[in-house]
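Chemist: Spelled out from the first residue to the last, the chains are:
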Amino acid sequence: EDQVTQSPEALRLQEGESSSLNCSYTVSGLRGLFWYRQDPGKGPEFLFTLYSAGEEKEKERLKATLTKKESFLHITAPKPEDSATYLCAVLGSGDNFNKFYFGSGTKLNVKP
Amino acid sequence: SQTIHQWPATLVQPVGSPLSLECTVEGTSNPNLYWYRQAAGRGLQLLFYSVGIGQISSEVPQNLSASRPQDRQFILSSKKLLLSDSGFYLCAWRGTGEQYFGPGTRLTVT
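Those protein sequences? They're chains A and B, same order as listed. Taking the numbering used here, I'd label the letters of the first sequence as residues 12 to 123. Taking the numbering used here, I'd label the letters of the second sequence as residues 35 to 144.
Everything labelled a hint here was simulated from the structure, so no lab data went into it. Yeah, the Cβ is synthetic: ideal placement off N, Cα and C, and Gly gets one too. Each hint should be verified, as a subset may be incorrect.
[To be verified] Here are the simulated BS3-like pairs of lysine-lysine, each with C-alpha atoms no more than 30 Å apart in a straight line: (1) A:79 / A:68; (2) A:110 / A:53; (3) B:114 / A:110; (4) A:79 / A:122; (5) A:68 / A:90; (6) A:80 / A:90; (7) A:110 / A:122; (8) A:53 / B:113; (9) A:70 / A:118; (10) A:90 / A:122; (11) B:113 / A:110; (12) A:122 / B:113.
[Said to hold, decoys possible] A short list of chain B residues far from chain A (calculated; beta carbon distances all over 12 Å): (13) 66; (14) 84; (15) 112; (16) 120.
If we strip away everything but chain A, and leave its shape as in the complex, we get (with noise of 0.2 Å):
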């Protein structure tokens, strides 16, 4: 069954203060891990995409990795501005290969 797991629920930081936000997936043939930012009261924003074990990508503050089975979303020296919502999806496998299965998210509080 095509899932997501993402941990921890919150994450509250000071700002400067590096850390870690994991993604556990399970799926059948890995055609895309996706990234986004949720703010209060808006739409997802979308940030990255993975498509393979090994592969990186950056933004300012935010590094994306992925592995077999999981992907971390790094923050290095976040700023309270980097408080948001992160939701973790990948694309379905056989028959459901137009759904996006996503997380439950994890919401991250910095500090200042």
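Starting from the known structure of chain A, fit chain B onto it as the hints suggest.
Modeler: Same frame as chain A, now just chain B:
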């Protein structure tokens, strides 16, 4: 560039009333389109998706329906709303791999 619109932004409706939410996409043709619902503090629940005009795949809801009357238009409807239909409704279109989301509609059923 591509743009996705949703309206209305917020909606307060009584139980038993009808619902119509509209989503349109600009700048692309024949996109895969999706409707999701997000409960407070929760992940995204896929409701419907469509790979073309008139083609709708239903995932979960029993009192909601979706239609795609035009290539870039996706409509979510209900004949009679339930309290449990309250939530944040998001429309999305699929690009080369990833999805892009609209601004969402906050629906409160009273």
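Chemist: State the violated hints by number, sorted upward, taking the hints as numbered earlier in the document.
Modeler: 4, 7, 12, 13 and 14
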